[in-house]
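Sequence order for the protein chains is A and B. Everything in the first sequence is counted per my numbering, starting at 1 for the first residue and increasing by one. Everything in the second sequence is counted per my numbering, starting at 1001 for the first residue and increasing by one.
You may find that some hints are simply not true.
Unchecked claim - Result set (DSS-like, lysine-lysine): computed pairs, CA atoms no more than 25 Å apart in a straight line: (1) B:Lys1025 to A:Lys219; (2) B:Lys1300 to B:Lys1323; (3) A:Lys195 to B:Lys1323; (4) A:Lys199 to B:Lys1025; (5) A:Lys116 to B:Lys1025; (6) B:Lys1085 to A:Lys289; (7) A:Lys289 to A:Lys219; (8) B:Lys1025 to B:Lys1259; (9) A:Lys277 to B:Lys1300.
If you are wondering where the hints come from, they were derived from the structure by calculation, not from laboratory data.
Residues per chain are reported as follows:
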Amino acid sequence: MHQSDGSGASRRGFLKGSVAAVGALAAAGAARANGADPLITEVQPWASGLGDGVDATPYGLPIRFETDVVRRNVEWLTADTISSINFTPIHALDGTITPQGCAFERHHSGAIELAKEDYRLMINGLVETPLVFTYEDLERFPREQRTFFLECAANTGMEWAGAQLNGAQFTHGMIHNMEYTGVTLRTLLSEAGIKPEGKWIYVEGADASSNGRSIPMEKALDDCMIAFKANGEALRKEHGYPVRLVVPGWEGNMWVKWLRRIEVMDGPVESREETSKYTDTLEDGTSRKWTWVMDAKSVITSPSPQAPIKHGHGPLVITGLAWSGRGAIERVDVSRDGGITWETARLAEPGKPMALTRFYLDVDWQGEEMLLQSRAIDSTGYVQPSKAQLRETRGLNSIYHNNCIQTWWVNSDGEAENVETS
Amino acid sequence: MSKPLKLLTASALAICVTAPAFAEKLGLGRPALPEEIAAWDLDIRPDGTGLPEGSGDVWTGEEVFADNCAVCHGDFAEGVDNWPKLAGGADTLDHEDPLKTVGSYWPYLSTTWDYVNRSMPFGDAQSLSADEVYAIVAYILYSNDLVEDDFVLSKETFLDVEMPNAAGFIEDDRDASEAHFWNDAPCMENCKDSVEITMRARVLDVTPEEEGAEEEASAAPAPAEAEVIPAAAEPAAEPAPEPVAAVEIDPELAAAGEKVFKKCKSCHQLGDGAKNRTGPILTGIVGAPAGQVDGFKYSKPLMAMAEDGLVWDEASLHAFLEKPKSFIKKTKMSFAGLKKEADRDAVIAYLQAPPE
Chain A
1 MHQSDGSGAS RRGFLKGSVA AVGALAAAGA ARANGADPLI TEVQPWASGL
51 GDGVDATPYG LPIRFETDVV RRNVEWLTAD TISSINFTPI HALDGTITPQ
101 GCAFERHHSG AIELAKEDYR LMINGLVETP LVFTYEDLER FPREQRTFFL
151 ECAANTGMEW AGAQLNGAQF THGMIHNMEY TGVTLRTLLS EAGIKPEGKW
201 IYVEGADASS NGRSIPMEKA LDDCMIAFKA NGEALRKEHG YPVRLVVPGW
251 EGNMWVKWLR RIEVMDGPVE SREETSKYTD TLEDGTSRKW TWVMDAKSVI
301 TSPSPQAPIK HGHGPLVITG LAWSGRGAIE RVDVSRDGGI TWETARLAEP
351 GKPMALTRFY LDVDWQGEEM LLQSRAIDST GYVQPSKAQL RETRGLNSIY
401 HNNCIQTWWV NSDGEAENVE TS
Chain B
1001 MSKPLKLLTA SALAICVTAP AFAEKLGLGR PALPEEIAAW DLDIRPDGTG
1051 LPEGSGDVWT GEEVFADNCA VCHGDFAEGV DNWPKLAGGA DTLDHEDPLK
1101 TVGSYWPYLS TTWDYVNRSM PFGDAQSLSA DEVYAIVAYI LYSNDLVEDD
1151 FVLSKETFLD VEMPNAAGFI EDDRDASEAH FWNDAPCMEN CKDSVEITMR
1201 ARVLDVTPEE EGAEEEASAA PAPAEAEVIP AAAEPAAEPA PEPVAAVEID
1251 PELAAAGEKV FKKCKSCHQL GDGAKNRTGP ILTGIVGAPA GQVDGFKYSK
1301 PLMAMAEDGL VWDEASLHAF LEKPKSFIKK TKMSFAGLKK EADRDAVIAY
1351 LQAPPE
């Protein structure tokens, strides 16, 4: 860790980055000035020889030039990597679907390996018939397919007290968005028969942490599902293979991985994950509990500290992601001057309920400094608040549910930095 | 269109598009057997529903905790490195940096029992007997000053324990307390007079280093999770203790004391190069007047007793080490004590003549 290095290392990093950016500008100019481009005028090896055969990679990985687009963790956050979290490289992605291979991971006792044939799901408690399903049983229920974001309640949690981590991956990367295939909880619970006094469900995983959470029956029957496929293929081990819970719009901790049991109950369990963790302490020392829904939020993914402007002046695509646990994104506004003036960005597609929405703002950048911000507005009329507004109602110790407007300071070289503004 | 109506339309549409025809029961799965339910249905409710028979006392808990939990949570539940602190933090929840522990934060005792039983120890979950879980929980309560040292936790005494922060929680009230975040016409122009940068992430510099994409391009992918820090890190090597054989000490007794002293080592150092840590240096402590170690900030009660002439002779050490909090009310030493006289004899011998 270089936490104690002081500002020296950061200044070096800053200078190095600037030089790199200037170099890129010069190179772009030189290509134009020096006449014909040899990449065009000379026959290149790939235009003459042969490429790989079809079976070179039976299951393909990204090309080697993209190996920096990976999950990263922040070592000082947790005691070890078993009970820890890493971050999706959102600064390097576009569109809305997160590839499973770089979608962030959060484990409480490590990612376990559970084979389909060893998988069992139990439904017990206040039901007419407690049942046990095998994985094969689950595939015989009528299936649904829905796309949802999953955001960890702690996403942006390190930024409550101030601008801290310099990169969208680290400030906003505890999120992914996948197309799930599975079975609704309504279907599964009906199979067991919910007794009238069943008002909650308690869900837990097969791993050592179990990560049990209580969910009101209303939500369980509304839109929750179990998923066995994501983005068309089996879930990855790190996301709960073979079966995870999907709780649309609600904090990621509730999306229990390796789901093994659903108990119908008349009240909440008040488990560790819903009392000692995932509760939000306010300034006066009282804490909010059951803060399940994820507030509307957005972030500009490029330009951002890990994705500086390298192409010089002229057309610039400003892009980012917006989402809301309460509904669909209706609008995203972008400010280039730290929130004095706002312009409405273009949504790549109309917002879908509780799924990521991509936005673009196409501008002519002439090297002016920018204080870039984005502001999401959802279908309930909720407007993403500023950090100051959030601190006013919640103080600095909430840890979870920080959905404040993010500011990137872009300098005249195109370098971006995570900052806070007045 | 009003907001609720718009939402309704959206969800009605969604149902038309995606929901399968609602099925009758399909007859899939099989009935769960009672012994299967018993094996998995382990959760404990706030009122204690689900607790098994059994019991455990504070002193047993201290031993079980030392064997199973202390490597991460510390001998006194004070936490090692970044691992969770389980004790302390009383009345800090409205402070700048609240310390959230079982004692200061957790609203229900059921949660502690349930979690220890279901998910601890880290890496060896569900290996503890019900009696051991009762004992560990009793010790955690004792470490938080919530029960006396003669407390025995069982199904019957479970609800006698009052959790200090039981009333410290409110249900999510964002819809009401943050109603102003719903705004029909957010400002678009001249929203503020000026903007200044008030804080920069680069100044703080806690962001992991980026590997350069160019240099890394040809290398095999090195995912972040490759580095695994072992859960049970080796304790730092202690400086070799210096023999100070002013009195005749039984070397066997002193050797036994060295083992007992392991319980003290996370706070106290001894011998060459010893430094004050959570507790003061103990070199030459036997026979020395209390409160005299340079640079250590003692509790007020200890200093008061020192002014009254307290000397750490064998008798006073025995009394203190047996029950620290009884001998010095509000001592900073959050150690439960050495209840066995033989352990105290041994550690006092070791303090006088630490073997080479």
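Taking the hints in turn, this is what the structure says about them:
no.	hint	verdict
1	B:Lys1025 to A:Lys219	21 Å, holds
2	B:Lys1300 to B:Lys1323	18 Å, holds
3	A:Lys195 to B:Lys1323	53 Å, violated
4	A:Lys199 to B:Lys1025	21 Å, holds
5	A:Lys116 to B:Lys1025	24 Å, holds
6	B:Lys1085 to A:Lys289	21 Å, holds
7	A:Lys289 to A:Lys219	16 Å, holds
8	B:Lys1025 to B:Lys1259	64 Å, violated
9	A:Lys277 to B:Lys1300	35 Å, violated
Violated hints for the displayed structure, listed by number in ascending order: 3, 8, 9.
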